[in-house]
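Novice: Listed here are the chains, written in short residue letters.
2 protein chains.
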Amino acid sequence: MEETREILSSLRENLENKDWHAVRTIVADIHPADALELITELRTTERVVVFRLLHKRIAAEVFTDLPPDQQSILLELFTESQTAKIFEEMDPDDRADVLEEFPAGVVRELLSVISPEERDMTARLLGYPENSAGRIMTPEYVEIRPRMKVSEALDHIRKTGQNKESIYICYVIGPYRKLKGVVSLRDMLFAHPDALIQDIMTSDPTKANTHDDQEDAASTAFKYDLIALPVVDNEDRLVGIITIDDLLDVVEEEATEDIHRMAAMEQLPESYFNTRLSVLFRNRAIWLLMLMVAQSISGVILKHYETALTTVVALIFFVPMLIGSAGNTATQSATLVIRGLAVGEIDIGGIWKVLMRESLMGVMLGVLLGLVGGLIAYVMGQDPRMFVAVTLAFMLTIFFANIVGAFLPLVFKRIGFDPAITAGPAITTIIDITGLIIYFSIAAVVFNLSA
Amino acid sequence: MEETREILSSLRENLENKDWHAVRTIVADIHPADALELITELRTTERVVVFRLLHKRIAAEVFTDLPPDQQSILLELFTESQTAKIFEEMDPDDRADVLEEFPAGVVRELLSVISPEERDMTARLLGYPENSAGRIMTPEYVEIRPRMKVSEALDHIRKTGQNKESIYICYVIGPYRKLKGVVSLRDMLFAHPDALIQDIMTSDPTKANTHDDQEDAASTAFKYDLIALPVVDNEDRLVGIITIDDLLDVVEEEATEDIHRMAAMEQLPESYFNTRLSVLFRNRAIWLLMLMVAQSISGVILKHYETALTTVVALIFFVPMLIGSAGNTATQSATLVIRGLAVGEIDIGGIWKVLMRESLMGVMLGVLLGLVGGLIAYVMGQDPRMFVAVTLAFMLTIFFANIVGAFLPLVFKRIGFDPAITAGPAITTIIDITGLIIYFSIAAVVFNLSA
Numbered sequence: 001m002e003e004t005r006e007i008l009s010s011l012r013e014n015l016e017n018k019d020w021h022a023v024r025t026i027v028a029d030i031h032p033a034d035a036l037e038l039i040t041e042l043r044t045t046e047r048v049v050v051f052r053l054l055h056k057r058i059a060a061e062v063f064t065d066l067p068p069d070q071q072s073i074l075l076e077l078f079t080e081s082q083t084a085k086i087f088e089e090m091d092p093d094d095r096a097d098v099l100e101e102f103p104a105g106v107v108r109e110l111l112s113v114i115s116p117e118e119r120d121m122t123a124r125l126l127g128y129p130e131n132s133a134g135r136i137m138t139p140e141y142v143e144i145r146p147r148m149k150v151s152e153a154l155d156h157i158r159k160t161g162q163n164k165e166s167i168y169i170c171y172v173i174g175p176y177r178k179l180k181g182v183v184s185l186r187d188m189l190f191a192h193p194d195a196l197i198q199d200i201m202t203s204d205p206t207k208a209n210t211h212d213d214q215e216d217a218a219s220t221a222f223k224y225d226l227i228a229l230p231v232v233d234n235e236d237r238l239v240g241i242i243t244i245d246d247l248l249d250v251v252e253e254e255a256t257e258d259i260h261r262m263a264a265m266e267q268l269p270e271s272y273f274n275t276r277l278s279v280l281f282r283n284r285a286i287w288l289l290m291l292m293v294a295q296s297i298s299g300v301i302l303k304h305y306e307t308a309l310t311t312v313v314a315l316i317f318f319v320p321m322l323i324g325s326a327g328n329t330a331t332q333s334a335t336l337v338i339r340g341l342a343v344g345e346i347d348i349g350g351i352w353k354v355l356m357r358e359s360l361m362g363v364m365l366g367v368l369l370g371l372v373g374g375l376i377a378y379v380m381g382q383d384p385r386m387f388v389a390v391t392l393a394f395m396l397t398i399f400f401a402n403i404v405g406a407f408l409p410l411v412f413k414r415i416g417f418d419p420a421i422t423a424g425p426a427i428t429t430i431i432d433i434t435g436l437i438i439y440f441s442i443a444a445v446v447f448n449l450s451a
Numbered sequence: 001m002e003e004t005r006e007i008l009s010s011l012r013e014n015l016e017n018k019d020w021h022a023v024r025t026i027v028a029d030i031h032p033a034d035a036l037e038l039i040t041e042l043r044t045t046e047r048v049v050v051f052r053l054l055h056k057r058i059a060a061e062v063f064t065d066l067p068p069d070q071q072s073i074l075l076e077l078f079t080e081s082q083t084a085k086i087f088e089e090m091d092p093d094d095r096a097d098v099l100e101e102f103p104a105g106v107v108r109e110l111l112s113v114i115s116p117e118e119r120d121m122t123a124r125l126l127g128y129p130e131n132s133a134g135r136i137m138t139p140e141y142v143e144i145r146p147r148m149k150v151s152e153a154l155d156h157i158r159k160t161g162q163n164k165e166s167i168y169i170c171y172v173i174g175p176y177r178k179l180k181g182v183v184s185l186r187d188m189l190f191a192h193p194d195a196l197i198q199d200i201m202t203s204d205p206t207k208a209n210t211h212d213d214q215e216d217a218a219s220t221a222f223k224y225d226l227i228a229l230p231v232v233d234n235e236d237r238l239v240g241i242i243t244i245d246d247l248l249d250v251v252e253e254e255a256t257e258d259i260h261r262m263a264a265m266e267q268l269p270e271s272y273f274n275t276r277l278s279v280l281f282r283n284r285a286i287w288l289l290m291l292m293v294a295q296s297i298s299g300v301i302l303k304h305y306e307t308a309l310t311t312v313v314a315l316i317f318f319v320p321m322l323i324g325s326a327g328n329t330a331t332q333s334a335t336l337v338i339r340g341l342a343v344g345e346i347d348i349g350g351i352w353k354v355l356m357r358e359s360l361m362g363v364m365l366g367v368l369l370g371l372v373g374g375l376i377a378y379v380m381g382q383d384p385r386m387f388v389a390v391t392l393a394f395m396l397t398i399f400f401a402n403i404v405g406a407f408l409p410l411v412f413k414r415i416g417f418d419p420a421i422t423a424g425p426a427i428t429t430i431i432d433i434t435g436l437i438i439y440f441s442i443a444a445v446v447f448n449l450s451a
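Residue numbers (my numbering), protein chains in the order written: chain Y, 1 to 451; chain V, 1 to 451.
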């Protein structure tokens, strides 16, 4: 951090003095991740200059990782040759990733400046559905043949591997480009140079289909500790591989999406600071309004019990505590189930096991919180009937909240929705309304009130 | 899934028929991840048999990934030689990971059955603090010297690399075992065989210190797209490396911890089904009770406004909607900040930028929700004063909720607590209480009531 600040200030000084040579020296051996940090701190005009002085490989990687709105601004300021150089140098999957954010006209224009070969590769990737394995795979892998000797394969890697994203796993291709197996560079290194690839390869390797969901591809890869996952088409022909850095991005995005949905938001299209305030506002306001309108039902319920409320006004004192505790309980059990589903520990088949467990837990929590809640109510009002009403209401509501919290994510998963939506605000709203009905029904009996 | 079920049923059949040969064939080439799935489905006595028939390398990996209570049960049933074989075969970092769950007496016993060399390695790892980089590193890496030729280094890898966890990155060691640089197998493969390692290595590589936090080590590695991170001691001597599978585990654990804390729970010591109900109950109940007692303050506030409530009973109708919406708003902004902190986009230095942004957002959300809330109140009661009171109370409360939601995680981060604790239930409770005070203060003025 300290170091970055020093580099930044000397970079700025040299930019002001137009000492391009010094700037070039500073950014010569920089890691793309560090270059990105520096670039983010610079003004747009300074950025354009630095991009020109960066090594083209680094320039391509930094550009890829910038947010789309900043990419747009830079593209307007770059010369055509600068744009061409950056886009030509990108990995095909990164290029597809960048281009999918731009309107079709801009995409056509950008594709026209790069070589036909790179253009074709990118167009093919863009043809796969969003969030599919095909979209994030790279066609740049090392392929070898089953009848090659290990020494021939190693020579082949030396000859063709220079520009491939990953060479540590090689893919063994049979007739019709079908994927026959994989073999690691490690295994080749330890094998006899005259051994045949088909004798040392792993046949029938773990793979994904181009149309598979990215998340499924990632969890398969992590389950088997793979550093790259081959992707085949419907005819089992190898068309690309997904490298571990892209798989990691999928996992991180997925965690972010889950966490946002658990707080009643859609995932932001960009990172926090890069999302425009209007976009964020719309995203948040839609959810808040929907929940608020749902919540207004609680007003209708309270109005229904107006007479009871005026007769025993103390009843109202425990409403926030009751619906708050019930919401917290439901949030806990929903979160446990959502996380269990996400990491693959819970599946739809285990639904009864979960419900049994959470029923028992609901009874335990209900009894504990009910007695404590009743005690608080008694201390505040010295009325034994209040103790009875609050205790019973807590027990029932907490039990109910715990079951619904566990059940709803499973239902959502079953009908094909994201279970993460059910946690937090959504479940709290449902529980609030139900809790009120339970509470006043019990109170009406205990205090012998008519609604 | 389908396939696993078939394998499982044939495995069970053969176990019942005591056809050990058939069982051995089934588990001969199995991947440890699949073996783990199978083992989990078997009864304890069956597990013991399968463990004996598994290849020792696979047995070691499967055993490592079982939950501690199931490890204990198996250890009581294993023969000493079976235990020795499994523990001898484990990677030192996995062994340390397994052992840290057992009492000291058992650890001593288990360490006594393995070779002195492996024992020393494990004891050293166990000497580092929990959650430190030293704890998850493996001492099994390939080291080379700066003056080696590439061809010599490759021969050296062939000779010494067979049992190393990772050979794709080699570590260049100078005098006193100081880490001079790293060189990838890829670079060696593409370099001239006579080139010197010191001329092709990356000097001053990214590294971690043994006492660094595991999370920091992981985020460094992912920032620079590393597949292994070297770990040095305070004298800059290389003592181990952390491989990417262990870094991934750190990230997944971290995400789980965050998500649990956002729902007011501590992270479970085990996975959901493997956590005993009593442990889970204690974990959940402590948080629920603390929040409930805090929530009971809302009862005191409502009691304080008892006269106002009996005079204008309709005021109570909008309490759940108000505190619900405010809680949802705070949950959203807290989540945005917590996630921003977790992925490194927001840091403490950016506190003012966040607060500026969320103040503006608070005004926008407050106005929108205030007007809609006021409208709902007016429709339900036809009282223009209710419209005024509810609109104003919503505006102020939502604004306040949005700021507190953004601010509290930043404060927690600053004072060294986990910001994730502040989301969800915790912030909802604070906002509930404040919202009530704001609402009744405004209502008292609008309806000209005395408390």
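Among the hints, erroneous ones may be present.
Since the list gives no way to pick out one identical chain from another, each pair is judged satisfied if it fits inside one copy or across any two copies.
[Said to hold, decoys possible] List of simulated lysine-lysine pairs, DSBU-like, C-alpha gap at most 35 angstroms:
#1 Lys159 / Lys180
#2 Lys164 / Lys353
#3 Lys18 / Lys85
#4 Lys180 / Lys303
Since the hints were derived computationally from the structure, they do not count as laboratory data.
Novice: The structure should be examined with respect to each hint, and the outcome stated for every one.
Specialist: Evaluation of the provided hints:
{"no.": "1", "hint": "Lys159 / Lys180", "result": "both (22 angstroms within a copy, 29 angstroms between copies)"}
{"no.": "2", "hint": "Lys164 / Lys353", "result": "neither (47 angstroms within a copy, 41 angstroms between copies)"}
{"no.": "3", "hint": "Lys18 / Lys85", "result": "within (23 angstroms within a copy, 67 angstroms between copies)"}
{"no.": "4", "hint": "Lys180 / Lys303", "result": "neither (70 angstroms within a copy, 75 angstroms between copies)"}
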